[in-house]
Amino acid sequence: MIFKQPTHYFIAAGHAEGYSPLNAFDQALLEAGVGDTNLVRMSSILPPSCQRIEPIDLPYGALVPVAYADMVSSNPGEWIAAAVAIGVPADPKLPGLIMEHHGVGRLDEIEAQVREMAVQGMAYRNREIQKVVSIGMEHQVDKHGAAFAGVVLWDESVRGREEG
Amino acid sequence: MIFKQPTHYFIAAGHAEGYSPLNAFDQALLEAGVGDTNLVRMSSILPPSCQRIEPIDLPYGALVPVAYADMVSSNPGEWIAAAVAIGVPADPKLPGLIMEHHGVGRLDEIEAQVREMAVQGMAYRNREIQKVVSIGMEHQVDKHGAAFAGVVLWDESVRGREEG
Amino acid sequence: MIFKQPTHYFIAAGHAEGYSPLNAFDQALLEAGVGDTNLVRMSSILPPSCQRIEPIDLPYGALVPVAYADMVSSNPGEWIAAAVAIGVPADPKLPGLIMEHHGVGRLDEIEAQVREMAVQGMAYRNREIQKVVSIGMEHQVDKHGAAFAGVVLWDESVRGREEG
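Protein chains in written order, with our numbering: chain A, 14 to 177; chain B, 14 to 177; chain C, 14 to 177.
If you are wondering where the hints come from, they were derived from the structure by calculation, not from laboratory data.
One thing to keep in mind: the hints can contain errors.
Pairs count within a copy or across copies, as identical chains cannot be separated in the list.
Dumping the calculated EDC-like pairs for lysine to aspartate or glutamate here, alpha-carbon to alpha-carbon at most 20 angstroms [unchecked claim]: (1) Lys144 to Glu129; (2) Lys106 to Asp168; (3) Lys106 to Asp70; (4) Lys144 to Asp104; (5) Lys144 to Glu67; (6) Lys106 to Glu129; (7) Lys144 to Glu30; (8) Lys156 to Asp104.
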């Protein structure tokens, strides 16, 4: 756990209703394509030279490091949103910054805010940004709803799940 | 961290009073037999073919992935409870689902709810259940109390702590 | 993740203002010297024979197990504090206990409390204490402020970041 540097990442987002708040969260993970894994939350840096890939089918039950934002609500009619943004550095030898944000409201506001947070955090480091990558999801609650957005770290040398 | 698939699991629960809320939580972990380790919380899947074992003495300070529910309260007289449930799939090549629930109240309600959450989550996946495994604990608060229930993932190839 | 026993640790603390609560937290991590890594939170044991070292420059983006306390506030003028304490056992074959505490208030109170929590937790174990090691940080909020204190587990066989 201490050693292994993830070499690749992908971004993912989903939303869902569910039988309970936790079921809604679980189903938002499935919608995002990262369900059926064991997400381990971390604070929240893009390792140097970490390459973006398209989302892959993670092995069932794998322990996967992820930086994520989520929002769960049981207030019918309420809009909720969650978003993440990555400040990707111009210098690939330096790390990038992942920011998370969530709240009651629409995605455009939440995602604009999380992008600004990534910009501000890179500025604090005096670290030039090549680009900001972001993703988010919004959801209007019926009974129990969840929105999820995350950055999944991965190692391409590991094969994903065999399609069955 | 990304690679290793846990091959075994056990369930554990405990409750305790303590000098502070965190002391109560720490002592509930000890009562559950998972104290003196470094629990790393994860969301919450039983890997395929993961076999249930009896609780073992985990090595002191080991980094151990766990899905857990906990409830801490400082309201004297209040009943609190925490429970986890695993939807074990009929097909051992597929993963199971671990759900966590906690709250103010008695264990029978909390555990019935978490079992239903596991059933609902497996139904959402259209995944047949072989059985639901659950465990929980309740506690009536005196000053600072805690209840804990968890599913500990493990690898049988690793030896537990030598009895000293 | 299950196997590797960290062999060394260091303590760190920082505080900062920021553009948002999460930016303040991120910048408190940087001030503490543990920014630009991926902290994985754990509950909170010092492994047996774990040796204290001076803080090192952790590799960028490394997955690092850490026990920490943090406090974030957006109430202008408010004092906040976070502190951790380690009950180091007299017998090096036994594990120590890490406690975390945070709140509104000044550091002297918060740190005295977390030290007592470590003493109480070791007393509950009937485990003799050699010493209590603690660290903390306080912050007076301007707009969005954060205080952080943590115990970082590490393996000396791994080299830190090359100075660039």
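Should lysine 144 paired with glutamate 30 be assigned to within, between, both, or neither, using CA atoms and 20 angstroms as the limit?
neither (33 angstroms within a copy, 25 angstroms between copies)
How would you classify lysine 106 and aspartate 168 at a CA-CA limit of 20 angstroms: within, between, both, or neither? Close inside one copy (18 angstroms), not across copies (23 angstroms); limit 20 angstroms.
query = Is the C-alpha distance from lysine 106 to glutamate 129 at most 20 angstroms within one copy, between copies, in both cases, or in neither?
reply = Answer is neither; intra-copy 23 angstroms and inter-copy 44 angstroms both fail.
Report task. Indicate which option fits the pair lysine 144, glutamate 67 if close means a Cα-Cα distance not exceeding 20 angstroms: within, between, both or neither. Result -> The answer is within: 18 angstroms in one copy meets 20 angstroms, while 36 angstroms across copies does not.
**Asked** With identical chains treated as interchangeable, where does the CA-CA distance between lysine 144 and aspartate 104 reach 20 angstroms or less: within a copy, between copies, both, or neither?
**Response** Answer is within; shortest intra-copy Cα gap is 11 angstroms, inter-copy 44 angstroms.
Original post:
For lysine 144 vs glutamate 129, is the C-alpha pair at or below 20 angstroms within one copy, between two copies, both, or neither?
Top reply: within (12 angstroms within a copy, 45 angstroms between copies)
Given a CA cutoff of 20 angstroms, do lysine 156 and aspartate 104 count as a within-copy pair, a between-copy pair, both, or neither?
Answer is neither; intra-copy 46 angstroms and inter-copy 31 angstroms both fail.
Using 20 angstroms as the alpha-carbon threshold, which applies to lysine 106 and aspartate 70: within, between, both, or neither?
-> For lysine 106 and aspartate 70, only the inter-copy Cα distance (15 angstroms) is at most 20 angstroms; the intra-copy one is 28 angstroms.
Checked against the numbered hints given earlier, this structure breaks hints 6, 7, 8; the rest are met.
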